[in-house]
Amino acid sequence: MSQSFDPATIHKAILEQQKADDRKKMMLNGVLVLLLMAAPFAIYPVFLMKILCFALFAVAFNLLFGFTGLLSFGHAAFLAAGSYTTGYLLSNYSGLTTELGILAGTAVATVLGLGFAVLSTRRHGIYFAMVTLALAQLVFFFLVQAEFTGGEDGMHGIPRGHLLGLINLENNLTMYYFVLAVFLGCYLLVQRVVTSPFGQILKSIKQNEPRAISLGYNVNQYKVLAFVISAALAGLAGSLKSVVFQLASLNDAHWHMSGEVILMTLLGGVGTLLGPVVGATFVVNIEYQLSQGPLRDWVDPILGGIFILTVLAFRSGIVGEINKFVNKNLR
Amino acid sequence: AISNDTVKIGYLADMSGTYRDLAGPNGLKAMEMAIADFGGKVKGAKIEVVSADDRNSADVASSTVRRWIENENVDLVAGLVASSVSIAVSDILEENDKLGIVSGSAASSITNEHCTPNHIHYVYDTYPLANGTANAVVKEGGKSWFILTADYAFGHALEGDVTRVVEENGGEVIGTLRHPFPTPDFSSFILQAQASGADVVALANAGADTTNAINTASEFGVTQSGQTLAALLLFLTDVHALGVEAAQGIQLTTGWYWDMNDETRAWSDRFMEQTGVRPTMVHAGIYSSTLQYLEAVEATDSDDAQTVRKQMMETPINDMFATNGKIREDGRMVHDMYLAEVKTPDESENEWDLYKIVRTIPGDEAYRPLSESKCPLVSSK
Amino acid sequence: MSEPCVLETRNLVKEFKGFVAVDDVNLKIQKGHIHALIGPNGAGKTTVFNLLTKFLTPTRGHILFKGQDITAMKSAAIARKGVVRSFQISAVFPHMTALENIRIALQSFEGTSFSFWKSGASLNRLNERCLELLDAVGLAEYANTTTVELAYGRKRALELATTLAMEPQLLLLDEPTQGMGAEDVDRVVELVRKAAQGRTVLMVEHNLSVVSKLCDRITVLAQGAVLTEGDYDTVSADPQVREVYMGRDGSGERGAASAPNKTEAAQ
Amino acid sequence: MSMIFGVPLAVLSGQLLIGVINGAFYALLSLGLAVIFGLLKIINFAHGAMYMLGAMATVILFDNLGVNYWVALFVAPLLVGALGVIIEYFLLRRIAGQDHIYSLLLTFGVALLLQGVLTNIYGVSGLRYAIPELFKGGVNLGFMFLPYYRAWVIVVALVVCLGTWFMIEKTKLGAYLRAGAEDAQLMQGFGINVPLLVSLTYGFGVMLAAFAGVLAAPIYSVTPVMGSHILITVFAVVVIGGLGSIGGAIITGILMGVIEGLTKTFYPPASTAVIFLVMVLVIMFRPSGLFGKEA
Amino acid sequence: MSHEQDRDYEQLRVSGLHAFYGESHILHSIDLVVKRGELVTLLGRNGAGRSTTLKSIMNMVGRRTGSIVINGEETMTRAPHHIARLGVGYCPEHRGIFSGLSVQENLTLPPVVRSGGMSLEEIFSMFPNLYERRFSQGGKLSGGEQQMLAMARILRTGANMLLLDEITEGLAPVIVEKLGEVLVKLKEKGLTIVLVEQNFHFAAPLADRHYVVEHGQIVEEVSADELSAKQSVLDSYLGV
Ligand SMILES: Nc1ncnc2c1ncn2[C@@H]1O[C@H](COP(=O)(O)OP(=O)(O)OP(=O)(O)O)[C@@H](O)[C@H]1O
Ligand SMILES: Nc1ncnc2c1ncn2[C@@H]1O[C@H](COP(=O)(O)OP(=O)(O)OP(=O)(O)O)[C@@H](O)[C@H]1O
Ligand SMILES: [Mg+2]
Ligand SMILES: [Mg+2]
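Protein chains in written order, with our numbering: chain S, 701 to 1031; chain H, 360 to 740; chain G, 4 to 270; chain Z, 401 to 695; chain Y, 55 to 294.
Among the hints, a few may not be true.
[Unchecked claim] Residues from chain S shown here face chain Z by an in silico Cβ test under 10 Å; the list is partial: (1) 824; (2) 836; (3) 842; (4) 844; (5) 989; (6) 993; (7) 994; (8) 997; (9) 999; (10) 1001; (11) 1008.
[To be verified] Covered stretches of chain Z (chain S as the covering partner; in silico rule of three or more C-beta atoms under 8 Å from a C-beta of chain S): (12) 497-509; (13) 636-644; (14) 661-675.
Treat the hints as calculated values from the structure; they're not laboratory data. Everything numeric in this text was worked out from a predicted model, so none of it was measured. For each residue, glycine too, the CB sits at the ideal point set by N, CA and C.
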């Protein structure tokens, strides 16, 4: 106790540790990038793109849920906003280049996110979840009613078009690398956001909101910004998806989709960066494998079983459990 | 020649959701029956079946079909129930020049504005359903109509078709009411239908909505108060679920009924042995279309989509499902439809003894004439 | 009384559904003072704090900070003005390190709190100040320790350090020694004394030995209203105060004093 | 005939009555949810499935064992309640004290499981169940034809709702439950067998859902998916009423039935969306719902 | 029954008690014995493990090993509600008031486990504040009022062994004084009391014996008559 601690030494130790952590992060990022670059040579690219779109969606959701502590039950609305907007624009304005269509979809989702955020962030816990759910249901209702969405049938035959008017995206491999680039960009952005000065405030709000208020933070503004970023990324995921699959459908807007993204995130590991990616990969795969195999009539009950098992047996998710294991055994 | 020495058929349908009973796992059984009846091989080539649950999602369906085509060399995609799925899938088929046979979908747009040279719509669509039923009911004196419409594309289309037929026959639609999809409780709507005083209350919806509406109508005594109930899209499974008590007297149009003749009965008996239930028109259609497809493959010794489709269009269809059916250039398989009436409890001898066939509607009269078609494939335009 | 008044309340009232918790309270806190608010349980002390920091809205009355009416301001704005409270129940960010806890407070002066694109390393320049503050409360060695793992007393110290990081002009402390052992109480007394230099402190405290050691002026609340006001000796001599608050013994001392001698123990 | 916004008054009163009847269903269902959430802090996404089980059990018991409606009215909820106790004992108990979200996911999983298994056995077209002989037919009220069965529904649902409300808000057992909701461990430290209480409460909550299911069997199409459609709506009702508010759930249930009914009259396509609109508005202005205690 | 009156009757015997919260090992072999009618304190620094000891006795911690015998019954495998029914009244740290219940409901909530508890009137006369606010919600009480309520409600149950955790925390000196009187009365009635207390000034005159807890172990036992002799040892343990 009487031992004196020199702030400079401590500071140095802290910086060292930061550097070590950064190195680890870089390495992990590197591995991820390499894996994804090589993947289409082993796995069907459209399937990979599906995984990437959902992974982006889950990463976006996790920014809000895992890092800000806000459980949105309406994120499907942004996915749908992105996919319908992009789908509509690309189908109806043939002059539009693909990336502009995607940007427009993202922009609409962003604005919608701002609307949701303003209406919901003052509420807490379950109420927050329920307001977002209700708003998303209204969006769903709008999409069912509106003429341009094609109602139940959805939008079909959305052209993939040309990137920057030059690169033809009809080719699956080209499309894949475009989607991958966007995904990685967003993933790194989120990685940055959660460690940024802003991310620190989000973390503090998640852990102890009244205290953050008493330190002079207008927490609602922070929540709104986090929400908007999350919505924008979710919208981007939707936009990409509509280009990849060349369709937009009501499934994107259904509350089951909002539930599914929660499952993905949880299964992968809430509040971890890689978790949602792993979770999305897992869920998309499982659904696909099951619906092909002899158990195809049993997809729902099996998914149900996975829900139950996850919650009971590994609540911190795949990545979370691995982290725990590593921390316990290798530190 | 037959690619890879295999004819590979992908069966894609809703296996677990709302439309499960319509086609679903039993549809796969019907397809397997057809393959077995055909002999299990075409021209020495294997016939393989892969199947998947589309989960009623265009996303799932399209990624499955892409994968089937690109990685597994699937030649034919069959089943196809939800219209959103059928439309999405036919786009992909066209892109890759593979063949699809839609058996479960109702939307007439599938061979109209959404027609492609790569698919066939086999069993029925909303046009003859509306046509057949509305025609018959108006002719029996049901002049003023009140339509309960499921509020989405399919319902709207059906409503449009009915309105046209009713008005053409000198009737009048005095009210329409669009209800959300799905609606668990119809009492409010039935009450409004009763209050309208219309002769006929028509249900332009499907599945659980229709059965719910019929149940509620019977509970609120719609027919007792002198109104006629007309269900525009009602499957055998729906009527079975409702029971003749609630459904008796309802008129409906169907593409096929298991108890029409010895041939249909014989096939249905075999089907029931395997599945425990009587087949719907979709099950029968899947059986028939698979057979027709395989015969075309055999005749042309090819599994190329265009070759087979052309052959199928040139061959009249005569089997237990259809008499003199023909596939038009827009992909519509045109065959006779039947106006049926649900039996009364006294008439019905067992749980599947549900319909009496009132009238046969010749195919050309039933389906949308090519002259009205919006399909760009139609040469006469 | 030449010193200016930092905080003033005028006829402050808070009613809860017909129950008056704070009844027409006029407080004047002088600059540089450590001012104590004492009174029996349920007198309304915490409620007054809540009103001052706008965790509750006054039913009537005004609050003035350095002459400016802040009655209508929001909590966060008041905190940014320099009126900062620490909580009756320990308030920290449990899954951050001690250093990060303090950094959150310092960040509010940085103007980069919305910069979601900036690297986290940009915050490192705050670390030095954080460590200074941690050192001041004797927590330097725990800088990198996650807060949940800290013992209760240390959490309190951390919380105080965080509060100090806000450069408060007026510090509101609600029972800073509650639940602490003798050792910690003494440490906190020292801390508060240090923290009070150049600042004004308003504190609620039931431990009278702390009050007597620290406070320049004391306001006694009872049933929501001011009973009396003065320095420790005046107040503790007041028979009314003795009756409603201090009790016969009047010492009200707690663990801060050394263990009692035999005579007291035998009593 | 007098008209309101182009709707005859008679039709309107009919719609109001229908709204109240549907509201009684909502009330029963949301009451169960509110009991489970309010007392156990479990977000029971299996509630729709339990409602469905109640209805399915009624039909299956009749088809296989010839159990009639009146017996089913007791037996089906008891069976479902027992299943609830089992689910609580083997699953939910293990995540007690964890974040709400886990109970939501767990029960959602249970719902998927039950629904999926039954779909594979019974299909989705619906099972048939006849209105009990006693309630066949109806009475003409002048402005509408009221089937006897619907009248019965409203009476019995209200009685059950009020009884439940009384038990929870006014009795000692209710006080135990409310206290257990806040700090179960401490309650147990006082000598109360909280784990048992929790199991029974969950069982009771799902029994209410199953009871609604039995009432629904003769009038709605009984399918394994019947619960999933209604679930989200019922959740909205509970939130509007104020999570955990028992009385709120009942009153709001009826209120929402009426609002939905009126929407079905004036602008039918919005009738499922209207509840969510109301919910957004309510939470905007009354953050903890119409009858909720402050959050 | 007769042995229950017996002053030498061992009401609580804890031996070799270890306790864990998840991974962290908090108690390291605690041994203590409390006789009928005794008032024993657990002293120690913050975080020493005193509250954890009480919670372990109630079986409210993650995992325990060792032995806890209450009224002659081994309770290691007993559920908490069973332990309470043996006549144990527990007043937790941080009060544990049920905020949604009214004061009166809070008071009458814990079931009576034995006869001989106080009546509501007695309690209200002891704590007039509570009487005034009896219809308020528990959560709306002031800190001190909650503390009184937490203490008061176990007096009603007739428990004959009380585990009290920091009951003077946040109370005005007058009330603390009154609580002291209450404890004396309870002792006179023959109740056994285990008191965790920071306020040594309060505890010293009441207690028969003191245990000093440090790092999850009992490091010292001091009886009332040894107090002055061991003053300096105590001071050093308590960091005075
Ligand atoms: N939200 C509320 N609703 C109703 N009454 C309240 C509310 N908050 C506080 N009270 C009442 O107001 C009175 C003052 O409470 P307050 O918490 O300010 O007391 P205090 O002086 O801090 O007491 P203590 O020293 O015990 O903490 C108490 O009687 C309390 O019951
Ligand atoms: N729920 C918990 N989970 C993990 N660790 C805990 C938990 N509760 C207490 N601890 C740890 O156990 C140790 C002993 O805590 P305990 O509460 O028993 O101390 P105490 O002697 O009562 O001190 P205090 O004066 O702080 O109440 C402390 O280090 C504390 O951090
Ligand atoms: Mg207070
Ligand atoms: Mg303690």
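Exercise for review: Verify the interface restraint on residue 999 of chain S: the C-beta must sit less than 10 Å from at least one C-beta of chain Z.
Suggested key: holds, 8 Å
Review point. Quick check: the stretch 636-644 of chain Z, covered by chain S? Criterion 3+ residues, Cβ under 8 Å.
Key: With 3 residues close enough to chain S, the hint holds.
Check your understanding: Against chain Z, is residue 842 of chain S within 10 Å by beta-carbon distance?
Key -> Holds. Min distance 9 Å.
Exercise for review: With a cut-off of 10 Å on the beta carbons, see whether residue 836 of chain S makes it to chain Z.
Suggested key: At about 9 Å, which falls below the 10 Å cut-off, the nearest Cβ of chain Z leaves the hint on residue 836 of chain S intact, so it holds.
Review point. Holds or violated: the stretch 661-675 of chain Z covered by chain S, criterion of 3 or more residues with Cβ-Cβ distance under 8 Å?
Key: Holds: 4 residues of the stretch 661-675 of chain Z have a Cβ under 8 Å from chain S.
Practice item. Could you check if residue 997 of chain S really has its C-beta closer than 10 Å to a C-beta on chain Z? Key: holds, 6 Å
Practice item. Report holds or violated for the interface hint on residue 844 of chain S, using the least CB-CB distance to chain Z and a cut-off of 10 Å. Key: holds, 8 Å
Exercise for review: Classify the hint on residue 994 of chain S as holds or violated, based on whether any CB of chain Z lies nearer than 10 Å to its CB.
Suggested key: This interface hint is violated because 13 Å lies over the 10 Å limit.
Check your understanding: Do at least three Cβ atoms from the stretch 497-509 of chain Z come closer than 8 Å to Cβ atoms of chain S?
Key -> Per the Cβ count (8), the hint holds.
Review point. Would the hint on residue 1008 of chain S stand, with a C-beta cut-off of 10 Å toward chain Z?
Key: holds, 4 Å
Point to revise | Hint check, residue 824 of chain S versus chain Z [nearest Cβ-Cβ separation less than 10 Å] | key: holds, 6 Å
Review point. Is the shortest C-beta separation between residue 993 of chain S and chain Z less than 10 Å?
Key: Since chain Z brings no Cβ nearer than about 15 Å to residue 993 of chain S, farther than 10 Å, the hint is violated.
In this structure, the hints that do not hold are numbers 5, 6 and 7, in rising order.
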